[in-house]
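**Q** Each chain is listed here by its residues.
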Amino acid sequence: LLCASVSCTDDFNDLNTNPNSASSGTADLFLPHGIQSAVDTYWGGTLGQDIGNLYAQHWARIQYTDIDQYTVSADVYNLAWQNFFIEALADYQRVYTISTETGNPNYQAVSLIMKAWVFSLLTDIYGDIPYDQALQGLDDTLLPTYTSQKDVYAGLIGDLKTANDLITLTGNSISGDILLNGNMLKWKKFANSLSLRILNRMLDKSDASLDVKTEIGRILSNPTQYPIIASNADNIQLNYLDATNNNNPVNQNRKTRDDHRVSATLVNRLLELDDDRLTVYANLPADGGPYKGVPNGLAASDANALGLSKTSTVGSYFVAATAPGVIITYAEVLFLKSEMAYKGITSAGDMEENYKAGITASFAQYKLTVAPAYLEANALKSGEQGYYQLIEQKWISLFGQGIEAWTEFRRTGIPTLSPPLLNTNGNVIPTRLPYPTSEESLNYENFSSALSNQGGQNDMKLKLWFAK
Amino acid sequence: QEISIKGKVSSSADGSALPGASVLLKGSNKGSTTDAEGLFTIQAPSGAKLIVSFIGFKSKEVSLGASTMLEISLEEDATQFSEIVVTALGIAREKKALGYSVQEVSGKQLTEARETNLVNSLSGRLAGVQVTGSNGAPGSSSRMVIRGASSIGSNNQPLFVVDGVPVDNSNYGSGTGVDYGNAAASINPDDIASVNVLKGPSAAALYGSRGANGVVLITTKTGKGTKGIGVSVNSNTTFDTPFRQPEWQNEYGQGAKGLFSFVDGAGGGVNDGVDESWGPKLDGRLIPQFDSPLDADGNRTATPWVAQPDNVNQFYRTGKTYSNNVSVTGANENGDFRLSVTNLKQNGILPNTDYSRKTFSLNAGYNLTKKLSIRATANYINDGSDNRSNWGLYFIWFGRQVNMDNLLPYQAPGSIYQNNWNNNYWTNPYYVLNLSTKANNRDRLYGNFSATYKFADWLSLTARTGTDFYNDRRQTRTAARKDNLNGNKLYDSYNEEQIFVRESNSDFLLNATKTFGEFDISANIGGNHRSNFAQRNYMGATELAIPRVWNLGNSRQRPVTQNSIIEKTVNSLYASANLGFRNYLFLDLTARNDWSSTLPANNRSYFYPSAAVSAIITDIFNVSSNVLSFAKLRAGIAQVGNDTDPYMLSSTYNYENPWGSTPSLSENNALLNSNLKPEITSSYEIGADIRFWRNRVGLDMTYYSKVSSNQILGVNISNATGYASKLLNAGKIENKGVEIQLTATPVKTDNFSWDIGLNWAKNKNKVVELANGLTTYQLNTSYNALTQTYSTSSFRGLSVEARVGQPFGTFFGKGFLRDPDNNIIYDSQGYPQIDPVGRVLGTFTPKWIGGLSNTFTYKKISLSTLVDAKYGGNIFSQSINIGRYTGVLKETTVGREEGIVGEGVVNIGTADNPEYVPNEKRITSEEYHHKYYLLTNNENTIFDASYVKLREVKLTYSLSGVVFKKLPFRDITFSVVGRNLALLYSNLPHIDPETSYYNDGNLQGIENGQIPTTRSVGFNISFKL
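Just so you know, the sequences run in chain order R and B.
Just so we're aligned, residue 792 is where the first sequence starts under our numbering, counting upward by one.
Just so we're aligned, residue -14 is where the second sequence starts under our numbering, counting upward by one.
Keep in mind the hints are simulated off the structure, nothing from the lab.
From a predicted model like this one, the values you see are computed outputs, not experimental measurements.
Mixed in with the good hints, there may be bad ones.
[As the list claims (entries may be wrong)] Cβ-to-Cβ under 10 Å is the rule here; a few derived chain R residues that face chain B:
hint	residue
1	Phe803
2	Leu822
3	Gln827
4	Ala865
5	Phe876
6	Glu1231
[To be verified] Straight-line alpha carbon distances no greater than 25 Å define the calculated DMTMM-like cross-link-like pairs of lysine to aspartate or glutamate that follow:
hint	chain 1	residue 1	chain 2	residue 2
7	B	Lys662	R	Asp805
8	B	Lys751	R	Glu1236
9	B	Lys474	R	Asp998
10	R	Lys1172	R	Asp1065
11	B	Lys721	B	Glu89
12	R	Lys1252	B	Glu900
13	R	Lys996	R	Asp942
Even glycine gets a Cβ: it sits at the ideal position worked out from N, Cα and C.
Work out the full structure: start from the sequences and follow the hints.
**A** Printed below as a string of structure tokens:
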């Protein structure tokens, strides 16, 4: 007893060593959670389902319609930010650190590519974001400054090029890659296709931080060094499993909730176009009758009055446990090339060829064959009308990828969407999500200078750089 | 040579026995207290002197002669004032010698007006002590804070010590909707002799780290002073009803836009999936409802649409608590024992909820030799519940026409799934309470062995070892309410959790007490070894294959498993010296050094001292008079160090769900810190204890200031760092306050007396600084040491913070957009707008708290009342806000027919050049309430939480001595007691302002529609055989 009292502390270090969890780990162990948490947040949850899918008017709310009227609770924009930064990006950062130490460049590349994709989502959603100084908590950078969107985009293009160049197709095999199963060629295609998406956002901007056309040319004119997605088999998507915790987050949501329907905007347009993708995107109402969409932003009671069983639920394809969480597709790459061609990038090929191939690829993605009559009826018109058709087709093809569809709408204003009659955002379809309250509380000075740099308030009316 | 001395202390005025008088062996710290009949026993060397004292009487020094049975009569005299109190490490001291504030509650006060949770019984009785009960669920927990919160990030509750050995007061798992109670709640009031509360760090300097928040010292009853064998019986029965319920409206039923018709309760009819009350007027019109009979085609027939004003009320039942205690005591010259058995059974106000507790307690001591005595206490407690269900916000989303009786067949005919008024959002409450049960069963043992060896009259050594451990087994069932949803099958779920917690303390104390001329000196040297261990095993089946078979083997997939252990050791050495001069001037010095396993090697040893002086002015200057009977000034200064939870020095990775068979880890969201330093709380206090008019009026005042710095905080940081929090020695928080206790006896005659006790405390709390440029610490994030996880509770975007320059517990969130004249700005649709910039909306920290007790005694009847008050501070009420949003509260009947024009302005100018004119846009009441009480607007959720409550009324009839000649009953006491009787003052509508969804953490001031608190009325009988 006396010894115990008189500072017998020899065993204290052992005693205070955490016996419950690991203090070391290999890179492969951090990939599954890093990848899944990012895709879950982007595809499911309230960000993918409500912000993306509702504001792109792919889906509509039939219950709890507040968010469809643009009343967004702080939890929504807090959680998306939080999940991307501390669940996904922190894991990639760890993979990068470990692989730099152990010297496997393929892990480094994978972490750079995943980081680039998640950062691109963050800037598309919020605007300027901590980027240059982000993810440095271990180095005691606790109040990271914000980087402007145009500089974030430029940084991402650099990172993605670095990643492409780091990848070795032989040797350096990786595991834990639940996204692309260690196929490093596909990772290259992911990196370069994502670069094209980001470059396309910068294409009209005179103040871009790099030479956009040169960068596009770098990729499109050298497919051996910078391969891109070349078929639906190359689509970058997370194939969910039929098991609790590994299932598609929309499937998980539907286990307890039934709040969503397909938007009347989309259903009516697809009906007008006689577009077969409607049979995959939506289900017939349970009580029978033709496809029936729900208008966005109805009063809860009006939405409810339409009847849960009398309206079209989101297609079974999308609510299955194993439904893929799609990041970037062949169709999108073709639409990107079509738009680049329209804007005078010769290496992108022909606008109309790419447009038709894009529609065909979109149908094929769902094992549908596009009827020649459909392509004929939707033949590309010239000038701005054609551009409208192109972006509208892209909007249709992005069903499920709500965030991307919303971003493209904000960038182009196509298709013409109207905010719901009842809305709490001054008749403006949200242009962004507000920064989380945690940034306002915990990183106030950088938060406020980011807002003043962008010339607005922390609301959902501030136009982001890519949309200006 | 020691002999056993017995004696009886009585009043010289009428010869009546003086229970509770203190008997102290002069020149030592050894003492005894008289029992109900004024009897005491004490071991003393022959020729020694005893000092016998009692409040309001003149102390008497008695020399021990040949007699071993003393008759001591005390003279009533107000010029002397002396009491013995138990202080740190169980050392009995004369209260007048203390340089700090100590307050006592007797065991009798706790048993007659009884609360199941010991902590609740202390509410309103002690200056500067704030008790917050969580809700009315049986066995639920309570939070106690002394002199304000001083720790930003960790526990602010005092240390609980029973018979000198700390016991566990942890609460693992509350805030998840299930409250398993705080561990101190299970200490049995029947076994408590007294509770002493040491308020400041000076009082607690010798308890080390955990004493920084004050110490609750509990002394249990012993068999000392019993003649032969004594038997005491106490029986208590109380009835609980909801203390306060919202005022409902009864004019409009469920639905929206004035329309409703039920088909499937999930949107199949007209607004039948809506869980709000904006439906048709309750005028008896015929409408198909969930409980309407089906016609031949299976369609609901229309039935009268009428109000059910009592529907919520009839759902609650009267809770009943029965508590019975029998104790047997015995003593002779060499030893004593007390055996006690208590059975408590409580049924909650929610159907099928309960709590039960069985306590077996033994306290025995024996003098093995003249020099060596031993004592052992052991308490075995088995407590638990078949169902501790709680929930949030039920009836706040509701159809006011719902007849609860028709929900009683809670399963649909021919189905195991629910019958309900709404199948969209809600589960039938009877269904939940009967099928989704949250049960637990806990076995707990605490106690200690001690031995004291007297080397000489003036020198003794006590060694003591004690432990407190429990094993809590929890079983949680969740029954699926439907068979399937949208084509997806729904499954029941089930989990089992086992929590084992153990704290052991071993200590020794060497005491020397001597008198040198006019100096009395007592010195102590001691050491303590404390070890903590906790283990959690959890297994959960999220989907059960066969419905309603509650077994993990029935899981459809591999069950989720989690387990962890935590361990911690703290070693300490301490010393104290008490110097008395002429029995009127006293100096106390303490010093302690701790070595904690949780801190890094360089910083794990930390030292802290304290000093206190006490001066009896009236004795020093000999100034006592008929007006001024006694005056004491005291001052103390102290430091207390504090450590942290285990494993906070270096980060580890989290396990994540494997992807199929691919294992998965993730980066920890918390950045830990290998350079932590101990927290230090420095404080001083000054006080005065003054008595007037022969002790008829007493005034005790304390001013204190404490500053806690180097606080170990898991500070939330920008998520853009890749992390959610970083552990820092970051915070500095300041508490300054005043405590006043006033006692008075305005009337005192032979048959009648009136006693008044008033306590009042004001604490000013301020967060002085954080570190690294951080300005805010978010309290809605908490760390669970056992699961080693941080969890963030989110309430509609509200952040509860320790913000630099603001009091602890600031509410920060979104409010209305307002013009320069503070008018709410409406948009062109007639909707109030929300300011995108967040702001401070209030704080949960009150400005002052107080209590007033009055006791009237007429012969054998005594009536006492206790009123307590809290002034200032806010509460975030979801019930009020949502109840207005959903149209169930009384005030929402406004404008139902004609609509509402929101009071405020609209901007008809531009954003840069605004021009404000009054809003004239009329919108429907439903629209108005939906937009004004928009759930993302935090401003309209914050309310003033001030209150004055009639806490307790107690009527007691006591007959001392032998009552019936033939029957063996004696000392019969009968009381009728009411607790939480009335809300005398409150600015808050609908709910009890004194309620908290989170029971004992630092996140307070949140009301989330939990079970209402209860009012209880009952009776207590005690007698002896």
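**Q** Look at each hint and say if it fits the structure.
**A** Status of the hints after comparison with the structure:
Among the interface hints, the one on R/Phe803 holds; its C-beta lies about 4 Å from the nearest C-beta in chain B, closer than the 10 Å criterion. Restraint check, R/Leu822 versus chain B: the minimum CB separation of about 8 Å is within 10 Å; hint holds. Interface hint status for R/Gln827: upheld, as the beta-carbon distance to the closest one in chain B is roughly 7 Å, under 10 Å. A hinted interface residue such as R/Ala865 counts as satisfied when its beta carbon comes closer than 10 Å to some beta carbon of chain B; here the least separation is about 3 Å, so the hint holds.
For the restraint placing R/Phe876 at the interface with chain B, the shortest Cβ-Cβ distance is roughly 4 Å, inside the 10 Å limit, so the hint holds. For R/Glu1231, the interface hint holds, since its Cβ comes within 10 Å of a Cβ in chain B; the closest pair sits about 5 Å apart. Of the supplied pair hints, the one linking B/Lys662 and R/Asp805 holds, its CA atoms being roughly 19 Å apart against a limit of 25 Å. A hinted pair counts as satisfied when its Cα atoms are at most 25 Å apart, and B/Lys751 with R/Glu1236 qualifies at roughly 23 Å.
For the hint pairing B/Lys474 with R/Asp998, the CA-to-CA distance comes to about 54 Å; that exceeds 25 Å, so the pair is violated. Using a Cα cut-off of 25 Å, the hinted pair R/Lys1172 and R/Asp1065 holds, with the two alpha carbons roughly 18 Å apart. Proposed proximity of B/Lys721 and B/Glu89 is supported: the alpha carbons are some 22 Å apart, at most 25 Å. Of the supplied pair hints, the one linking R/Lys1252 and B/Glu900 holds, its CA atoms being roughly 21 Å apart against a limit of 25 Å.
A threshold of 25 Å between alpha carbons decides the hint, and for R/Lys996 with R/Asp942 the separation of about 12 Å falls inside it, so the pair holds.
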